[in-house]
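There are 6 protein chains.
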Amino acid sequence: MKKVVTFGEIMLRLSTPGYARFIQADQFNATYGGGEANVAISLAQFGIPSEHVTRFPDNDLGKAASGLLRRYGVQTGHILYGGERLGIYFLETGAISRPSKVIYDRANSAFAGLQPGMLNWEEILKDAGWFHWTGITPAISDGAAKSCLDAIQTANKLGIPVSADTNYRKNLWQYGKTAREVMPELVEGCDLIVCSKGDAADMFGIEPRREDGSGFTSVCKQLQKQFPRIKKIVNTKRESFSASHNSLTGVMWNGEEMLKTPVHQITPIVDRIGGGDAFMAGLIYGLFTYKNDQKALDFAVAASALKHSVEGDANLISADEVEPVMQGDSSGRLVR
Amino acid sequence: MKKVVTFGEIMLRLSTPGYARFIQADQFNATYGGGEANVAISLAQFGIPSEHVTRFPDNDLGKAASGLLRRYGVQTGHILYGGERLGIYFLETGAISRPSKVIYDRANSAFAGLQPGMLNWEEILKDAGWFHWTGITPAISDGAAKSCLDAIQTANKLGIPVSADTNYRKNLWQYGKTAREVMPELVEGCDLIVCSKGDAADMFGIEPRREDGSGFTSVCKQLQKQFPRIKKIVNTKRESFSASHNSLTGVMWNGEEMLKTPVHQITPIVDRIGGGDAFMAGLIYGLFTYKNDQKALDFAVAASALKHSVEGDANLISADEVEPVMQGDSSGRLVR
Amino acid sequence: MKKVVTFGEIMLRLSTPGYARFIQADQFNATYGGGEANVAISLAQFGIPSEHVTRFPDNDLGKAASGLLRRYGVQTGHILYGGERLGIYFLETGAISRPSKVIYDRANSAFAGLQPGMLNWEEILKDAGWFHWTGITPAISDGAAKSCLDAIQTANKLGIPVSADTNYRKNLWQYGKTAREVMPELVEGCDLIVCSKGDAADMFGIEPRREDGSGFTSVCKQLQKQFPRIKKIVNTKRESFSASHNSLTGVMWNGEEMLKTPVHQITPIVDRIGGGDAFMAGLIYGLFTYKNDQKALDFAVAASALKHSVEGDANLISADEVEPVMQGDSSGRLVR
Amino acid sequence: MKKVVTFGEIMLRLSTPGYARFIQADQFNATYGGGEANVAISLAQFGIPSEHVTRFPDNDLGKAASGLLRRYGVQTGHILYGGERLGIYFLETGAISRPSKVIYDRANSAFAGLQPGMLNWEEILKDAGWFHWTGITPAISDGAAKSCLDAIQTANKLGIPVSADTNYRKNLWQYGKTAREVMPELVEGCDLIVCSKGDAADMFGIEPRREDGSGFTSVCKQLQKQFPRIKKIVNTKRESFSASHNSLTGVMWNGEEMLKTPVHQITPIVDRIGGGDAFMAGLIYGLFTYKNDQKALDFAVAASALKHSVEGDANLISADEVEPVMQGDSSGRLVR
Amino acid sequence: MKKVVTFGEIMLRLSTPGYARFIQADQFNATYGGGEANVAISLAQFGIPSEHVTRFPDNDLGKAASGLLRRYGVQTGHILYGGERLGIYFLETGAISRPSKVIYDRANSAFAGLQPGMLNWEEILKDAGWFHWTGITPAISDGAAKSCLDAIQTANKLGIPVSADTNYRKNLWQYGKTAREVMPELVEGCDLIVCSKGDAADMFGIEPRREDGSGFTSVCKQLQKQFPRIKKIVNTKRESFSASHNSLTGVMWNGEEMLKTPVHQITPIVDRIGGGDAFMAGLIYGLFTYKNDQKALDFAVAASALKHSVEGDANLISADEVEPVMQGDSSGRLVR
Amino acid sequence: MKKVVTFGEIMLRLSTPGYARFIQADQFNATYGGGEANVAISLAQFGIPSEHVTRFPDNDLGKAASGLLRRYGVQTGHILYGGERLGIYFLETGAISRPSKVIYDRANSAFAGLQPGMLNWEEILKDAGWFHWTGITPAISDGAAKSCLDAIQTANKLGIPVSADTNYRKNLWQYGKTAREVMPELVEGCDLIVCSKGDAADMFGIEPRREDGSGFTSVCKQLQKQFPRIKKIVNTKRESFSASHNSLTGVMWNGEEMLKTPVHQITPIVDRIGGGDAFMAGLIYGLFTYKNDQKALDFAVAASALKHSVEGDANLISADEVEPVMQGDSSGRLVR
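Residue numbers (my numbering), protein chains in the order written: chain A, 1 to 336; chain B, 1 to 336; chain C, 1 to 336; chain D, 1 to 336; chain E, 1 to 336; chain F, 1 to 336.
Next up, chain A with everything else stripped away, as it sits in the complex (with noise of 0.2 angstroms):
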């Protein structure tokens, strides 16, 4: 497959040891996460080439995120060096019934830094083979949000698929557009989205119908309606049993049918953040991989489920880990 691109921003995280409260910490983990990079590193493991673009302010921190890219294999070469400061988030580990808890620190980064022609989308895009962005960048900043459109037209020009994780966070948006203003001209270059009920209704207004059937397929209707170039729509539904015991289950609607996945029970869980980047990537390896919705889906989920045991943003698990477990066996016997 050629490289997949993905494009957004990338914080510093900072997380409290085991359990601990932040009023406890005394100390931080230290790891580089962001949505459409967490895609990037996944796809690595997976064996498909990966690039991520983003912007990192010129000082060691953005040296440090840049090296963590290279480190799992995603390549750097067109990140840009500039700005104010790398945004941060603050995490704090969650068991039983109490939440994982996350402390924003993102503004002014970088990355809401960027203008419209910072980044020659036509170089960068040149040997790519999909492009994958989210519905955080354009949150960001008004200059975010151009450049990401820049890159989907460009794409769309060049005849490159493009993905996008909806992802409405109401939080963000603060620079002045609502995600109903700006998202809808993004997703009409979309190939593939990952959208639920909620972001549709957020982002684009759309509510279940009746006539077109119960809740999520009707959502996907109208959705491809509106967007006639999106050939597929997926979501996962999270059951959330206490914040140690989750399960998931992937939806897809491919335009035909609904297509569902076997619920995966997910307990003790070791790290919550980034289940749905490991969705994504699974999605996009298993779309190329087995060119069958079904399997694509089976794979996403088992990724995103497998994600859900390792420590830090990004789901460094390899093809051949997943396998099994898509195939219904996660029963993990020991490996010598």
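Fair warning: there could be bad hints in the mix.
No distinction is drawn between identical chains; accordingly, a pair holds when it is met within one copy or between any pair of copies.
Distance condition first, Cα-Cα at most 25 angstroms in a straight line; then the derived DMTMM-like pairs of lysine to aspartate or glutamate [what the hints assert, rightly or not]:
#, residue 1, residue 2
1, Lys63, Asp320
2, Lys225, Glu207
3, Lys225, Glu323
4, Lys101, Asp329
5, Lys101, Asp271
6, Lys231, Asp142
7, Lys2, Asp58
8, Lys197, Asp329
9, Lys101, Glu323
10, Lys170, Asp58
11, Lys126, Asp150
12, Lys291, Asp127
13, Lys170, Glu257
Treat the hints as calculated values from the structure; they're not laboratory data. Since the structure is predicted, the reported quantities are computational estimates derived from the model, not experimental observations.
Knowing the structure of chain A, use the given hints to seat chains B, C, D, E and F on it.
The following block gives chains B, C, D, E and F in isolation, referenced to the frame of chain A:
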């Protein structure tokens, strides 16, 4: 609310990292805790002013313990410094069918050296709105018992409500008096007690009688008869499926009826120590805040359940965090 | 009881902290372990004198490994020093559906360099009451196999009972002989073996036959026919629901009947390595202490279940701690 | 002594463990510090009551920072909660010829968002005996500068002595005013300042003049002329032989003569941050305790030298520990 | 050489990590140590068989302490288990002009509870070649002192050389007798002592007299007169330039002349505890190996200097490693 | 500059934390390093593109090692995967007079299994501007030596300058050939070598001769006579005052004169490993950047001195950081 004053010993807690056994340990995590101080810290997290009264050795360990109280918002203005040493307890955390294990090394502590008159309770309690003690304190030494009696009687005189957790520990009570001899006079001054059937038998010779109704109800009626100041008698029931999985319910006899809470499943347990103290603090907060026994009890059990997710002795959980769990939402969904 | 002598390789075990994957690890926890040595250490915790015989390189790692044995009460007086290197295994701990993973790096170890005659078994075994080996040892090198045969035959001559865990590992056995060629002569000298249906087939060509009764019983009867010294054949059945949750049962053919134990639920698993060795040690202790096959088997499975709560290879659990679990109390209530 | 009130920003300090470089770090040690708060903490260790006034974001990091102050004995009753974020600085510890390195990420902090009138200085200072600020505060924002001026003028009105460390940092001062414009009005209200020749030039345009005597003396005379309230001008001279070895001397112009201290050799440096704040705290303590300028200066430099042995920003050293060093005993003999 | 038997208390040592002060510490590094046990461990590293005799509480901490001795090659067959608790000492490591600091918490230890007759010294010493004790032991309790006397007299009877480090610690000796009363009878049975001028004065009332020659020589002559069995009196001189830099020399009066060693510069100090015990072990090894007083003394001081580079109480250094330093090569060149 | 290609083995480096001895260690810090790779990493920090060529086992440790190279900016596109195992070295860090100590466990590595023809050097070197190797590589195996010769000859053919660090290690060279037999043909193709007097004698039989001038000059002249392609011969002189304090000077014979650098004092040493590799990288950078032998040499020694402050094998220091030290400023003043 006016401040809650708690009184009791604080020990240095030395716990092995992770699940290491004592004989493996090359390191100990250090914190400071004690039943009554744990209540004070938890109340401070709930936004209720609290002060802890104790006696520390006049060395850096005493200073560190005092610093821990202040760090978590507890006032320390009446702590005494002097005496021999700081009591210590060593903790090894269990899992599966292996229990957690405690080694006490608390003899001859500064607190045990307390003598009546060292603490000026009139002064200490003059701005207080509540006084709390536990059955550990009178078990430690004759001086501690007498200081506790002095505190209770002063509170009674000043019209300050008094609560106690009877907490019978047979291995303590080494100084020549028995709980049966000492406790009744102390409990006489209490408005609310946490007391199990076992404690009622061991400390007050009260056994369930058929004519008073079934088990705990009968005990409560007799306790109220013997100690007419007591208005509420509370208890928790813990089922232990394994060292990693317990469940918890609370009951309260309010003089009229026996209230109960739903059962909370607690798994996987992070730190079991201080669950009872978290309950007590939740109860004080709940009674004060809700003016409703059932809600207070529900809050208390939810707080106690949450404690099992927090490392250390004290329940570093805010009231905002208890509320959803109290209302039945134990889903632990990520908070951004 | 007179001392139990165990014989086998010990490796440096390097495990990633927490749930870190190998490619994330900047640190390894280091300990030393090996199937037979794990049995010796566990027996020492049960109060049974034990000695381990092996060969270490004459460097600080060999000294450290030897020190670990002594630390946990195992005698080390007949260990040889010499040869190339200490074998190593790297361990990554799994969770949920992600398995634990081992990378072996044990070729050309000091132990593999053992030659017949290096060890004076008459001298070593003169005060022994039991000799234990596993199928790992003869798989490592021709010299190790011959040394093992020498030990078994000496034990037979001295009237010392011999136990073995057949433990077939296909990836070992690289030195030109097969388990089928080597094992029978070794097992001939055994009084008790732990052997699965799979091992019986792979190592001795024994398959269940309908005329001997169902599955494992048939295998046991044939094993006893082929190796008439064998009095008991034992096995455990592990069900793996996930990397974090297994269950365990034990069975024993004592020549007359097939004994079974209750099923132990094991969750959440702390460290799965050495579960079989803990079982073996429990069995030796149990047979010696209870003189009752069922109780011995019950003790062995309880010991093995408890091992899953202990970090490292060896079961640092006392007999006092096994007993309640063996009797069905897996409640793991706090021990003060 | 009545309490010393300090005013200024506190940042989260994230330092790499040991000598790790930023690009190597997978972990950060976390503490909280700021020039003025460091003075307050040090004074509390010396037994002088102190209170720190600042503004924190209303989140767990703000709570943790506030908890750190209380842990070390500083009062926090007038701290404001609100605004955007907590400023951060990243620290990498140097050695040999490699310098320690700081990356600031402090823009848009809660403290920078301070507005005049938010703090009721009449109320805050009503029980104070001393007010201390540094040149960092007015450099952060116009609001911070105005709040500082308000504080100084209130102190002047209440007859409370005021000290300042001019501490010119060119990279700050980004909000549109220069130090030259802002500082004079603030320094006008001071009784004692720490000020280097460089700061005098940069902030007040004062250069040494031959007619006033050599170098620093000339500067001091001019400073006193321009700011007649100033009674003492103090400075330290640090020689840097390497990142691991510095030396330190102090000088004080008391309006009459230039006092000097012996030179302290400082090697190997554990933590260089906060050396100047330790000096300032030592000076306040020394002046108050000894009523003797030379002794106060000697104490201050000894305190600052000792700070280099303490991890973190603040000088966790008692007066008892400073005294022998102040008297020339730097032998560091074991204290049992 | 036949085994060296040492006798004395072992404490749990809890040291803060790095240079953390007690009031900062959230963690302690744990090991076990005591003056006499440190000698035994060091001898075992030198290849001399050694056994330590002490009394531990019968709990996991006692087991862990005993395990540490065995780990480093010391025999533990005569250790008693019983009594109250394990003594503890807390250690904070100094740097620059800040001293290391020890908080003792050793009262009422299992060792202090020793009673004469508990230890069968005839049995213990029957295979011994040397007996060693220090002045700490008789300072702890009357029972410990009497046990020590019993040991010394038994050694004398069996013709086993006896060494002592007089090691006067004023703060001990709390049980009602003074060193002046107790020590002479014990030292009477010694063949070799380490004793400073100060100890000679404090414990035996011996002051230098002009007629016996200068300082320490005079003291030695008087000591030999008073205790005619003593053949060698040894001492070290430590200069303390800072907590991080000391120097060390050794002197020995062998009845005829005063031998001296070169001065060893020791910087930067890693762990200063146990330097004297390392010296003592080096002396025993040196006397036995070299049969030459000067070489023995040179070895002892070199061993002690090296100890300062080793974490923990005991000198984990082989004789091979001491030899070059003893011969003047302190270059510390990398050993591959 | 075009990329520098380096070729050689990389090992897993396992170092004990702090100053822990091997026999104390319960943990190892893990990184990956090797002489030639260290040069590549250092060059990447200086902004010079670099690529490392080696062979790793096809397992997670090989992936991790490869990830480390990319993390620090080194290209890894021609690394081979296959063979037995990753070589390991264990490191214990010395202090004072105790040397650092290395235990090698590198036999039978994937790299040692290299065979001529596995690497297509024409392809690898086609875009290269420099090729670097060391005397370690041909010492490892015949295949490694032949691969190295192939690389050198290809570089010569392509007109790419070749540098080597002769680095004689007697303990390697176990495969049946001697350095004397193998090295001359390899060095013949070099333009620049780092070579000590000792290496010249051991590897080429060259001893200083009076007629060629004093010591090293004589050696250089003979080396140039024997290997006429060599233009520069370089060496460093390390004086070792202790394990914690070394000094360093560099010399270069450029065919005309013997250049020298000032002496750098290096104390306290953080990590001594890789000092020579840092020198080599500094030399390549310096020659390329300054086009001036003296400046290049000064840069190289300054870079090497700085390496001693960096944990791990590789010199994570930028050119900006070397420059002040090269110009004589070793003051290590805090960089904000």
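Next on the checklist: Please sort Lys170 with Glu257 into within, between, both or neither, judging by C-alpha distance up to 25 angstroms.
Outcome noted: Answer is neither: 31 angstroms inside a copy and 46 angstroms across each miss the 25 angstroms cutoff.
Checklist entry - Taking 25 angstroms as the upper bound on the Cα-Cα distance, should Lys63 and Asp320 be classified as within, between, both, or neither? => result Between. Shortest inter-copy distance 15 angstroms satisfies the 25 angstroms Cα cut-off; intra-copy 31 angstroms does not.
Next on the checklist: Within a copy, between copies, both or neither: which one fits Lys126 and Asp150 at a CA-CA cutoff of 25 angstroms?
Outcome noted: Within one copy only: 14 angstroms inside a chain, 36 angstroms across chains, cut-off 25 angstroms.
Item to check | Same-copy or cross-copy closeness of Lys231 to Asp142 [CA-CA at most 25 angstroms] | outcome: neither (28 angstroms within a copy, 54 angstroms between copies)
Checklist entry - How would you label the pair Lys197, Asp329 (within, between, both, or neither) given a Cα cut-off of 25 angstroms? => result For Lys197 and Asp329, only the inter-copy Cα distance (22 angstroms) is at most 25 angstroms; the intra-copy one is 30 angstroms.
Item to check | Identical-chain pair category, Lys170 with Asp58, by Cα at 25 angstroms | outcome: between (30 angstroms within a copy, 20 angstroms between copies)
Next on the checklist: Cα distance capped at 25 angstroms. Does Lys225 pair with Glu323 within a copy, between copies, both, or neither?
Outcome noted: So Lys225 and Glu323 fail the 25 angstroms test inside a copy (35 angstroms) and across (43 angstroms) alike.
Checklist entry - Between Lys101 and Glu323, at a C-alpha cutoff of 25 angstroms, which is it: within one copy, between copies, both, or neither? => result between (31 angstroms within a copy, 16 angstroms between copies)
Next on the checklist: One pair to classify: Lys291 and Asp127, alpha carbons no more than 25 angstroms apart. Within, between, both, or neither?
Outcome noted: within (22 angstroms within a copy, 38 angstroms between copies)
Next on the checklist: As a check of your reading, is Lys2 near Asp58 (CA-CA no more than 25 angstroms) within one copy, between copies, both or neither?
Outcome noted: between (30 angstroms within a copy, 24 angstroms between copies)
Item to check | Within, between, both or neither: Lys101, Asp329 at alpha-carbon 25 angstroms | outcome: Answer is between; shortest inter-copy Cα gap is 16 angstroms, intra-copy 31 angstroms.
Next on the checklist: My question is about Lys101 and Asp271: at a cut-off of 25 angstroms on alpha-carbon distance, are they close within one copy, between copies, both, or neither?
Outcome noted: Both: 12 angstroms inside a copy, 19 angstroms across copies.
Of the hints listed earlier, those the structure fails to meet are numbers 3, 6, 13, in rising order.
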